[in-house]
Amino acid sequence: MSINGRINDRGEFTPRLDRLLDIWRKDATIAESIATWKVSVPQKAQTESIESIDSGLKEILAVQGIQRLYSHQAQAFKLFNAGRNLVAATGTASGKSLCYQLPILSMLYQGGQGNALLLFPTKALTYDQRNSLVRMIPPEWHTATQVYDGDTPAHLRASIRKNARVLLTNPDMLHTAILPHHTLWVDFFRDLRLVVIDEIHVYRGVFGSHIANLIRRLQRICSFYGAAPQFILTSATVSNAREHSERLIEAPVELIDRDGAPHGERNFILYNPPVVNQELGIRRSAVSEGVRLAGDLISYDIQTLVFSQTRRQTEIALRYLRENHIGMAEDIFAYRSGYLPSERRKIERRLKSGEARAVTATNALELGVDIGSMDAVVIVGYPGSVAATRQQSGRAGRKTGSSVSVLVASANPVDQFLVRHPEFILDRSPEKALINADNPLILLQHVRCAAFELPFREGESFGRLGWEQLKGYLEALAELGETHFSRDRYYWSADQYPAEKISLRSTAAGTVLLQLEENGRLTTIGEVDLHSAHWLVHPGAIYMHQASTYLVKSLDLEAKIALLEPVSYDYYTEPRQEIDLTILETYQTAAVPSGTRNLGEVLVSSQLVGYRKVRWYTHEHLGGEEVTLPPTQLLTVAYWLALSETAVKALEAENLWNNSPINYGPTWRLQRALARRRDNYICQVCGLPEQGVEHHVHHKIPFRQFTSAEVANQLDNLITLCPACHKKAEGAVRMRSGLAGLSYVLNHLASLLIMCDVSDLDSHFDPQSALIDGAPVLFLYDKVPAGIGLCEEIYQRHEVLMKNALELVENCACQEGCPSCVGVGGENGSGGKRETLALLSLLNGRSLQL
Amino acid sequence: MDKSLLDRLKALGLERGMEKVKPQPRRAVFPIDTVMDGEYIDTAFGPAFCFSEQMAPDLKYGRVNFGEEVDFNLLYAWSGRNSGDTASLGRIVFLDTETSGLAGGSGTFAFMIGLGFWTEEGFKLMQLFLNEPADEPALLSYLGHVLTPFDTVVTYNGKAFDIPLLISRHVLNAFNQPFSGFHHIDLLTFARRIWKNRLASRSLGTVESEILGVTRSQEEIPGWMVPDIYFDFLKSGDARPLSGVFYHNRMDVLSLAGLFKFGAKLLTDPMEFIAQEGLDLIAVARLYEEQGYVTRALQLYEHSLGLGLPRPFLIQTIYRYATIAKRQGDWERALCLWEKAAVEDEIEACVEIAKYHEHIDRDLESALTWTIRAFENLQRSSLPQYVRIEYARLLEHRKDRILRKKNIGYRS
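Chains Y and C, in that order, give the protein sequences. With the working numbering as the guide, the letters of the first sequence map in order to residues 57 to 906. With the working numbering as the guide, the letters of the second sequence map in order to residues 13 to 424.
Don't take every hint at face value.
Derived SDA-like pairs: lysine to any residue, alpha-carbon spacing no greater than 25 Å straight-line [claimed, not checked]: (1) Y/557 with C/19; (2) C/22 with Y/134; (3) C/22 with Y/644.
Simulated from the structure, these hints should not be mistaken for lab results.
So that you can see chain Y by itself, here it is in the shape it has in the complex (with noise of 0.2 Å):
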């Protein structure tokens, strides 16, 4: 056997990795599985000669071994020199950076005039860059070229600010000391001429509307000095990549989006995990299937790069992995933020020198570090966006040979949507990235920074912000004494420098820090935000961290810090919450088939209220506890869709509730007798007494949510009702169950069809909601502050949403529902696909025939 692969029969040489495929090919088990088996063909390069360039550069080229550019590269020299600003969306590994290098070369060369910025989203990215450039730069050059990141050391600093005509830095950085302290690099503003935004697809979201307002600082800073900077930007494959562009940057971009570099052959595999329980539609879980593809994989000495969808699957992918493979145990390892920056550099350096051999990792690697790459890449569950697929799957592929990228389905609605419909991820184009520049919180906390670097003067306005707009917050500031109003300026009147105090990546400052107590001494050993500790690391909360447990023993949110304890129990914890949720102000809405579209500004309030116990491996329910957090509240912006009473009763009249009989168990008879007498033989919600005939006694929590009769019948958990009681009673289970299974698919497939991360919305459901009347009603809301724009493309799009909601539950295999449509019952009610089916079809104006 040779190094990278084997001499067959015929002579023949055969890469391992193909040989593997061919065993996935033949092997049952697995090949009945394959979903799609995607091969795309080797692409030839497509260059332009390099005639049109200057000598000195085409000597450097040829150093570097570039005798052709491929055409993306060509198309951004020409639109650079034209004056231009540009975005180049091409492949991940198609030499994007050349895209901006070359402007930087040819500026260097014409006789030194003018300075660039470049701003990368990682310290370890920039690091890598600086040294790619440094490569390809005359050396009286290399002194001018320089990193300024957190780790400069501060006796480089002044001589960086004062020599730098190339400066490498993070948007962090540019924001607390750059800006800040922009008179130090009066040179460098004045002579600026070029800003570079490598991989702008990562600011998205609550990061990228805060990009957007930090170009603004700097387009500011920019034109105080003279200065008017051209921008070349880089994205990842996003759908939107030229208006995201403008967005943040806030000026016409052209787009270059022709890939020109060649590839190998790539393998796409979608894998769909078999069924174990028909019945039920229970599929084997996707994390322990991914792990076993990932063992083939790493058997066959391929270096392997596992993604998982959540910081605990990671782990728990690890523990699995390093489980199967004792004699590789060391060579395996968890990559997910929460771990130390140099923890996770360690890992790079061993990903990159193949010294890993696989890695279990959360998205945090799939953000522009170099790693090179890989021969394979198992992604376990649809990561939730088709840019994040092909970001994770385009970490494996080369310029020559093969690779493969597979895609494990987990049960997700979205994901079993996928299965059934490839081309979403295959052929349509991927997400936008959303960005809301003017969403209130970071709006103001950029008009505090641009406050502090530079006086507003009247009639300003901040990048597309008008004066009237930006005069409000400037106001809002003087309320709150830190902006003076002086003849015609605001002045920053505070004794505060306000950058510190701001994170780019959230709108609520705070992070909460991990600690253990070890012979008395407290070590951190990672840290969550603030909102996401409610969840994470409440007392009580099992939490991982390098495939080690640890049980959280308190949580002080005043203090920031989560004490934990090392424990190795057979359980994990998964939280608990209580939402309660009102309607501020309703900003559209209109009528749709049996009822109407909404939105509106809402105001949420979360709190957890205690978690359960569940076992490894056998996900057995071992009970659960109760914990009290203070409740977090979250104003935001909502679509919400409102049942009219036309639907309600047209779902009621045609009785589509008509379960099977069920077998109470053998304590029922004497458990109802006991629950009448105790409520005295009276309705418990009219107070009508029996009169001959016996009262109902009704399940609080549904019968068929529990595994033991014997549970469901306790006491607690029966009511005497009456009849007609009863009746409604059991109607508003059955409205909960559709709206239940109704939320669960919508905000599944609404993060599909607005292209937003899973985890952007949250929904919320009421049968009688008391804000819409007693009409039943479901929300999606915006997990940002004031919100990113989400629930307004939902709003726009309700009825594509609808119709493909319908479609993927109807087109479900599953007889009772499942969680790859509506849901399993048991969670908020019992069974659901009726139920949830019926509300659709009514939802798509279709009338009621099952």
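Take the given structure of chain Y and dock chain C to it, following the hints.
Structure of chain C alone, referenced to chain Y:
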């Protein structure tokens, strides 16, 4: 909804604790010129407010007499001024600012610039005051005018704070900055050099009371309160609380000038001022050494050893002193000093003596004795394990070599 933007921002989750400031209509009931007896000076950019005070020619400021002539050439030399320049007191300006914040950055501005200089009538104080942030061009323009006759600026922490801040203000107002070509003496660096070991802090306040012997009156305002007093003035228009800030700044400038004179005298004739302060003396001696005044350094070392020093400084001083003696070939003094240190269980001193006997004196027997003595001191020391191992290895090596030499000596 008819809520104000601020209410809405709060509902969205604007940090708690951010409370509305009580709207106080700004009434110029107590404008600055009713509180401070200063004047408005016309500049091309509008009027700038300035309060001036001429001090008596022979002002006594704590232990310093402002009228006394001092030789500050040594202080100049220490501060890096070219030796060719002749120092002239008339070209020095003392500067201290009061600012809108302590964090720095382009949003921090100086609302008061205190300046002091010696004229023929004695020390003169000028305090330039910013009545409105928008008046900054006038303030800076007048500052440029006042600075014209000077070529040296003396500050306390001005290298890190006041001067960069003022330069930044000039950049922001598109003015040329007035300090290019200025020589800058930052007395904080000087204070750190001399009083690092003796004073608990090197803040101007501490140096002022401990060294100059000055106490501030009830009018004093602590520095951290200064920005808020100014912001309150901006909102209310009531300048009365600012008198405390003027006092604070005045004292800072006077102390700066006083410290400059005191420091110059200290360097010129330390024995007159701090003959009993061993720690100060060895610091001055260090400074002499650096400036090449070795003989004066040796005198101070000798004197301070006589005063008795706390152990770490004693050892430090012995070694420095001995190193100079060794360099000068004064072995007798060097040996005597090392022996003193050897008594204090010092290992290195024993090694130095052993070296002397081995290489200079060629008394191998003594060299061996002192090497063994070094071993003994090593046993008693509380050095970390890895250092001890390394020391032991070196000493072992030395011992072997001496023994080898001895054997060769016997054979021949």
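Taking the hints in turn, this is what the structure says about them:
Between the alpha carbons of residue 557 of chain Y and residue 19 of chain C the distance comes to roughly 21 Å, so the proposed pair stays at or under 25 Å and holds. Under the criterion of a C-alpha separation no larger than 25 Å, the hint pairing residue 22 of chain C with residue 134 of chain Y is inconsistent with the structure, at around 49 Å. Pair hint residue 22 of chain C plus residue 644 of chain Y holds up; C-alpha atoms about 24 Å apart against a cutoff of 25 Å.
The structure is inconsistent with hint 2 alone, although it conforms to all the rest.
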